[in-house]
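Take the sequences, apply the hints, and build the full model.
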Amino acid sequence: MAGVELLSDQGYRLDGRKASELRKVQARMGVFAQADGSAYIEQGNTKALAVVYGPHEVRGSRSRTMHDRAVINCQYSMATFSTAERKRRPHGDRKSSEMSLHLKQTFEAAVLTQLYPRSQIDIYVKILQSDGGNYSACVNAATLALVDAGIPMRDYVCACTAGFVEDTPLADLCHAEESGGGTTLALALLPRSRHIALVQMDARLHQDHLDMLMEAAAEACRGLSKVLDGVVRQHLQEVSVLTRD
Amino acid sequence: MIKTEKVLHLKSSRGHKVRVVREHYLREHVPCYSALCQAGCQNEGKVLSGDATHYVVPDAGVVRDFLEVFEFRELQGVVFTQTACQAAQHSRGRRHYNRLRSLLKDPRQDCILFANEFQQYSYQPREKGESQEKWQTRCVYHAAVWYYNHLAGMKPVVMITEDGEAIAEYSSLNGGVYVISTQEYLQSFWPDLQAAQELYSSISQALQERESEGTEKEYAEHLPAEILEAGIKSGRYIQGTLNVNKHKAQHEAFVRFEGTTNKNTELNSDVLICGVKHRNRAVHGDLVAVELLLRNEWKGRTIALTDGQGEERAGEESQSQPMPTGRVVGILQRNWRDYVVTFPPREEVQSQGRNSQRILVIPWDYRIPKIRISTQQAEALQDHRVIVRLDSWESTSLYPNGHCVRVLGKAGELETEIQTILVENCISVPSFSEAQLREMPVNSSEQPWQMEPSEVASRLDLRDTHLVFSIDPKGCEDVDDTLSVRVLPGGTRLELGVHIADVTHFVKEGSLTDLEARSRATTYYLADRRYDMLPSVLSADLCSLLGGVDRYAMSVLWELDMQSLAVCKVWYGRTLIRSSYQLHYELAQSLLNGEQAEVPELAHLDAGERDRKLAELLQALETLTRVARHLRAQRDKGGALELEGVEVRAQLDDSKNITALVPKQPLEVHETVAECMIYANHWVARKIQGTFPHQALLRHHPPPRQEFFNQLIDSAKARGFTVDIRSNKALADSLDRAVDPRDPEVNRLLRMMATQAMSNALYFSTGSCSEEQYYHYGLALDRYTHFTSPIRRYADIIVHRLLLTAIRAETEEEPSKALASNKELQELAQQINTKNRAAQQAQKQSTELFQCLYFKDKDPQKDERCVADAIVYAIRANGMLVFVPRYGLKGAVYLKNRDNLVINVKQDGSCDWQTGSLQRYPDRISSCTGSDTHTFNLFDHITVRISVEPSRCHTDSLCLELISNRPHQAPGPRTPPAGQGRAELVQEVVRLAEEASLQAEEVKGRRPKLSKEEREFRQSRGPNLYSLLQEISELALLDPSACQALETEAQVCATSA
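So the protein sequences, as listed, match chains A and B. Counted the way UniProt numbering counts, the first sequence spans residues 1 to 245. Counted the way UniProt numbering counts, the second sequence spans residues 1 to 1057.
Simulated from the structure, these hints should not be mistaken for lab results. Wrong hints could be hidden among the right ones.
Short, incomplete list of chain A residues facing chain B, as computed with Cβ under 7 angstroms [stated by the list, open to error]:
hint	residue
1	Tyr12
2	Asp15
3	Arg17
4	Ala19
5	Asn45
6	Ala84
7	Ala218
Derived DSBU-like pairs (lysine-lysine); straight-line CA-CA distance at most 35 angstroms [to be verified]:
hint	chain 1	residue 1	chain 2	residue 2
8	B	Lys906	A	Lys18
9	A	Lys24	A	Lys226
10	A	Lys24	B	Lys134
11	A	Lys126	B	Lys233
12	A	Lys95	B	Lys134
13	B	Lys906	B	Lys890
14	B	Lys134	B	Lys46
Everything numeric in this text was worked out from a predicted model, so none of it was measured. Idealized CB from N, CA, C, for every residue including glycine.
Below, the structure written as structure tokens:
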């Protein structure tokens, strides 16, 4: 199999990380004032923006209304300038709708929707720059935006990818690693309860290796949750300092 | 960690140029892998030694072009930078990069990889407008500076580059870091290493030549990789390995498919590639993509025996059915190795014209095209054999370009020829390095080796309870198996024990000795010498289960029912033994027969004691024989092939030297020992397969393909026998029946053909085969492995380790440590299989070499020894193949010579050449001349004269000439028996070689010394009988090509040129 060597003999990955190291994560909450909640996250070179509206009355067709809980509406899109070659269609293609569906399922598992019967929560995420792990960046950004909007959740939802190369699980894949031909697993985790909100894997993997890979992804998610927690606390401190004056 | 970004310009899938931003993380702590490190780097694994005088950092360009120079083990302290490695990977491809990687992994090479681009302080971002080469050089330079500072200036660091500007720019910047050119470096730091300098200059010349190449196209361009890949997927092209026909290297080559991916079902045979244009620069062994030609262009294969030396006329009429024919459109993977070539003599050099620097050299292997190399040493090297590597083969060049690597010596000398055989079979057996020998335990008279108390405590002590003895050929020193048998208290059960030398105790996994043994995989036996897998302190002393000394062993103990001999209990484990008797076969047999025999171990005892001990030993031997008979009978029921017959052993001797050492009388005790070993192997296989269903190393022997038996069936029919090949049992039975009372050779030849028809037994990892495929056809066992000869086979060492882990997993609860995965094990098994094949090939070639040397100085016209009896065993279009039992050699006899004359047999049986024609039938061939007709049948005895046909560039070969159609009557009563002929032959050749070399000058050549030592050591020159039987049952004397139906014919055109 021709191609780049994803993991060198000395244990370095293409970008100089070791197998279990995450990319650098930076995040900010409350980037837009008009929305109820918003957040921006960078995971390495993957940059995502999430905006939350709601809970509010169900708009559009009334038939979607739920009596016992809120409806979650997700929309995922990628900026035309997010990839190396300009994208023709920012949203609405098959991949985007699938991603929207995944996001919806993830947050239905995490948000306490029964607190808001007959209402709707909108989550819009946009990938500004794509470099692997789009789904996880979206989940993490949306979590922060939901926190910013003050919508009660069971726990942070943290998502991360993990791949499998030469019998070693790699955490948080970048684009080059994702397209390198190996298996990629995306995991969304509620870190405190260790419940899994969503797990997705499209390629083949031997059953014996699955546990190892899941463990690596879960470990990465836990690492991420610490970072997100830090971001939230930092944000709260800033906000409370502002309001005190 | 610090995050930075790197901007790359890449090509997208659609071919546009795309700007890609990649992250790049830097860290402060990147291990330096130097033993001198003061900063507390986490250096795991291989570490650069501290005693090099300096460290050398090669530039990207140097790594790209002159990597081979660093393969000299003398060069110490080499720091490869990540920048240079990546550059080499990009510009030279995967093969080159793998070579670099294996260099880095090899613990014998003092070199490491420093990940300079991930080090915070040595990383240099590429500046705008900076060329890639400049940037790489700068990176490497800064890495060198960092390295110097990191080691606090303790070692001077030398950076070598081919870039003159860089030398000027950087050389004076920093104190301890020197920047010089490669040539200067080699000259000033390694003035003694002449070979490295020669290699350097030969590569750099080859590089210059390549630049100044012409533009005329000789071959079609290869297609790009993407097109090939798509074409193979869609079935338009066929992927396979190129196999050149040895006898018509210029014209014929075949491509064998890989796997069963081929959808085109009508193509069930190989694809023929006709001529060098269609072969399109592919070299024997390359993985190529082939496009089929149109059906009307298909050609047949030539089936006539040819001389291989440019005889083209015979081509037309003797072609077989047209077969798929194709042309090479691309090469997926080059499989170039080191080739041995011969320089042409001076006259030819000059006639080669204007460009005197470039020389066409002729490879030793017929299948390899001539190679063009540029060197200034052509004068000095004429008639020398030299190792050459291929560099490239441009479409503008008729021949590939290469460069010299190492000079082996003058062609025709024994030492050179032996080295040639080793190199051509990719066998590398340098003497054991000091570091490896340092790992070895010491056993000298001052410092005798002693067992460690901890080991004594943890092992089962059999020294006092068991009567352990070994049975081997006379004079054997590496005893790796011993036996014991006793009646257990109570009297209802027997205990049979097989004790094998515990090599794994001394050879720890991952140690230098282990790695060396792994890369050798087996001990190599050549006709006159031996290359050990393990250092001799182990193989001949500490591991060897000698009589009267305490030794570690791995044992298998069975408790058998006294009456039915059914297995009640099996125990595996580490033990301590002391062998009481070191018997040899003849002695053991005469004891069993009740004859008076002197047991050396008992000689010094008084009479009463001696009789008691003797009775005890005899009792054990008798019980052992009873058990072995029972085991054998059990296996026979399952259909084990009767290949242990002495006939078969002799039949194998055409390629093996063993005959000379096999006793003339087959003794039952041989079979007894062999049976116990097979039994031990079988039970160990069951154990490890049970514990590790996916990663146990077993050995299987796939059932042969029925069509390969056609020749056997037809030949047998000629003598009125039927051969039933439906199962191994049927085959064994029918071979037993096919005995011609008047001519014992017939049965021998039939068995030989049966052996040829079978495939080789192979090692494999259990995870990569389905359970049905574990079957061993020859031995009729469902599971089999190799356990009993760890001193000379690496596979046995692995099996020992597996068995130990299996035992440990059972007794202690702790999880067994990670074993090799199925994939690794399968790769290892492949490697061992390849090495075994190479070992056999080398052994065969060395025997042929000795045959030629033996006949070389005999005058075929006068010397009686050159005339011998031969038996016809196959018929070809223009001749027949014969077997000469006296020398155990096979060869072709032509009935039609180059002037198209055919043989004519006179009344008295003598022959001459006349005009006439040949008629070929399946079981006979007739030559019709004007006066009369003579027919040769299969299995006819004829008389041939053996002479040597010398060849300058290749091996000499033997040529058989028909002189009479009657069996040869040896004059005088003193004909040497077949068995001894070979030993005599080898000894005589060695003696002559020694004399010649002594006379010539008193050089302190290794040769005479070596061969004498070998003679005295003699350990496994004749491997013990068990191993011999093993080899027979492996049936692996053939090179695999002979098994392919297609190639059998070609193969059979043996002894050409």
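A quick look at each hint next to the structure:
With a cut of 7 angstroms, the hint placing A/Tyr12 at the interface with chain B holds, because the nearest CB-to-CB distance is about 6 angstroms. At its closest, the beta carbon of A/Asp15 sits 5 angstroms from a beta carbon of chain B; the interface hint therefore holds under the 7 angstroms criterion. Satisfaction of the interface hint for A/Arg17 is found here, the shortest Cβ-Cβ separation to chain B being roughly 5 angstroms, below the 7 angstroms cut-off. About 13 angstroms separates the beta-carbon of A/Ala19 from the nearest beta-carbon of chain B, more than 7 angstroms, and the hint is not met.
Taking 7 angstroms as the C-beta cut-off, the interface hint given for A/Asn45 holds, the closest approach to chain B being about 6 angstroms. Interface restraint check: A/Ala84 against chain B, minimum CB-CB distance 4 angstroms, threshold 7 angstroms, status holds. Hint on A/Ala218 is violated. Least Cβ distance to chain B is approximately 22 angstroms, over the 7 angstroms limit. Under the criterion of a C-alpha separation no larger than 35 angstroms, the hint pairing B/Lys906 with A/Lys18 is inconsistent with the structure, at around 84 angstroms.
Among the hinted pairs, A/Lys24 with A/Lys226 is consistent with the structure: their alpha-carbon atoms are about 13 angstroms apart, no more than 35 angstroms. Only pairs whose Cα atoms come within 35 angstroms are accepted, and A/Lys24 paired with B/Lys134 is accepted, the gap being roughly 30 angstroms. With a CA separation close to 38 angstroms, the supplied pair A/Lys126 and B/Lys233 exceeds the 35 angstroms bound. Between the alpha carbons of A/Lys95 and B/Lys134 the distance comes to roughly 43 angstroms, so the proposed pair goes past 35 angstroms and is violated.
With a CA separation close to 25 angstroms, the supplied pair B/Lys906 and B/Lys890 stays within the 35 angstroms bound. Simply put, B/Lys134 and B/Lys46 have alpha-carbon atoms about 30 angstroms apart, close enough for the 35 angstroms limit, and the pair holds.
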